[in-house]
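Enquirer: Sequence order for the protein chains is A and B.
Note that my numbering numbers the first sequence so that position 100 is 271, with each residue one more than the last.
Note that my numbering numbers the second sequence so that position 26 is 197, with each residue one more than the last.
Wrong hints could be hidden among the right ones.
Same chains, same label: a pair holds when it works inside one copy or across any pair of copies.
List of simulated lysine-lysine pairs, DSS-like, C-alpha gap at most 25 Å [said to hold, decoys possible]:
| id | residue 1 | residue 2 |
| --- | --- | --- |
| 1 | Lys353 | Lys234 |
| 2 | Lys206 | Lys258 |
| 3 | Lys187 | Lys234 |
| 4 | Lys191 | Lys258 |
| 5 | Lys206 | Lys187 |
| 6 | Lys258 | Lys224 |
| 7 | Lys206 | Lys234 |
| 8 | Lys353 | Lys258 |
| 9 | Lys353 | Lys187 |
Since the hints were made in silico from the structure, they are not lab data.
Number of protein chains: 2
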Amino acid sequence: MGTSSRIQAGAVMGRKGEEKRQRIIDAANTLFYHKGFTATSFADIADDCDVPKGNFYFYFRTKEELLDAVIRDRSERLAGLLDDLHKDIPDPRARLHRIADVPFNDRHEVAQYGCPMGTLSAEIGKLTPFSQNALTSMYSLLLMSMHHCLAGMGLSHDDADHNARHMLTRLQGAANLAQTFKDENWLEAEIADIHDWIDSL
Amino acid sequence: MGTSSRIQAGAVMGRKGEEKRQRIIDAANTLFYHKGFTATSFADIADDCDVPKGNFYFYFRTKEELLDAVIRDRSERLAGLLDDLHKDIPDPRARLHRIADVPFNDRHEVAQYGCPMGTLSAEIGKLTPFSQNALTSMYSLLLMSMHHCLAGMGLSHDDADHNARHMLTRLQGAANLAQTFKDENWLEAEIADIHDWIDSL
DNA sequence: GTCTATACCTTGATAGAC
DNA sequence: GTCTATCAAGGTATAGAC
């Protein structure tokens, strides 16, 4: 948090400011997910977080900087989630099953809005390289977690690499098609297959 | 073509008009793919196709109608491509291999802009149900072609369903992640795996 | 430090001349 | 039928009062 505000607008904030900044990020996070980055306006965000839109520029110099903060915030949440799984579930295979279930747990939203990372990445990848790094490092978190599980299950380094990529690909594709067809069953079916595949390794 | 113009603006056009309408669709098609639907303005399209933007409304009542025409145009191209494959390659397994190679053949563009259908679907799915049907019927074309190949390879109806879904999921995920990482190798690696998988069926 | 008022630009869409 | 000129609305961003 201190890290991310350093590279944002040079603002020095008190406790209240930090809290307000977070409110903006939270509202933007949801709206970028539900409507997309380009289709979301500052007015939309302002309505949702009760901060006047003119005030946004005290916390973020541009819309892209807000996007960056949103992605970093998501990364931190994902890192926390993966950390928790790592602490709570020592068995690597069981843990991998739980990772496969992450999108399934949100299947209703995923069928409506797609994968929060995948849809944003698809949009941003066309627009600007600005937040490219933040996005790929977020995916790398997932890949590393999967890799760690697979290695723990006895796979070689190369095999773990290969299968982590494979698993992420399937999850991403399932999320995209579940959204396209507005059908959670697509996600459900493919994730069920992934569970079988994990057990076959 | 006659069919699609009927449901668009009530315009009656001559040969020149049809040709101009097609120029608009072609330019919009490329720009929606490269920049996204929301981020593409009529001014952008007008610049690329040498038709004054005010004139667009003679051919399409709204931007959404233009989008619809773009998707229908893509559908016709895909249907033609699949038809050609069907005529040229009678062996179902060989044909399925060729279908798997479709995104691979455009790997350079896919690594930059993602899957033309998948990225559009991810964006549009959040905005409006307007072109939902046109999009899903386009995916259904692919699914049916895959299903037909799989059934021809001796799989039961249910197995063919299941595996067509699985294959489409992998292709879609591979395209998304290739774009995210700006890395054609991701696409290449996953499609290589799909070829192995096809041969294992 | 925080927020209001607003500038300036681009958007999708329209009206009416040719 | 085709296109130019323009609209009202909404976009991001800024300047400056409190």
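Enquirer: Between lysine 206 and lysine 234, at a C-alpha cutoff of 25 Å, which is it: within one copy, between copies, both, or neither?
Expert: Both, since 15 Å and 17 Å are each at most 25 Å.
Enquirer: Should lysine 353 paired with lysine 234 be assigned to within, between, both, or neither, using CA atoms and 25 Å as the limit?
Expert: between (29 Å within a copy, 23 Å between copies)
Enquirer: How would you label the pair lysine 353, lysine 258 (within, between, both, or neither) given a Cα cut-off of 25 Å?
Expert: Answer is neither: 34 Å inside a copy and 33 Å across each miss the 25 Å cutoff.
Enquirer: Between copies, within a copy, both or neither: which fits lysine 353 and lysine 187 at Cα up to 25 Å?
Expert: neither (40 Å within a copy, 39 Å between copies)
Enquirer: Can you give me the call for lysine 191 and lysine 258, within, between, both or neither, at a CA distance of at most 25 Å?
Expert: For lysine 191 and lysine 258, the Cα distance exceeds 25 Å both inside one copy (32 Å) and across copies (62 Å).
Enquirer: From the Cα coordinates, with 25 Å as the cut-off, is the pair lysine 206 and lysine 258 best called within, between, both, or neither?
Expert: Neither, since 35 Å and 42 Å both go past 25 Å.
Enquirer: Tell me, please, which holds for lysine 258 and lysine 224 at an alpha-carbon limit of 25 Å: within, between, both or neither?
Expert: neither (40 Å within a copy, 58 Å between copies)
Enquirer: Within a copy, between copies, both or neither: which one fits lysine 187 and lysine 234 at a CA-CA cutoff of 25 Å?
Expert: within (22 Å within a copy, 43 Å between copies)
Enquirer: Give the relationship of lysine 206 and lysine 187 under a CA distance limit of 25 Å: within one copy only, between copies only, both, or neither.
Expert: neither (28 Å within a copy, 38 Å between copies)
The structure is inconsistent with the numbered hints 2, 4, 5, 6, 8, 9, although it conforms to all the rest.
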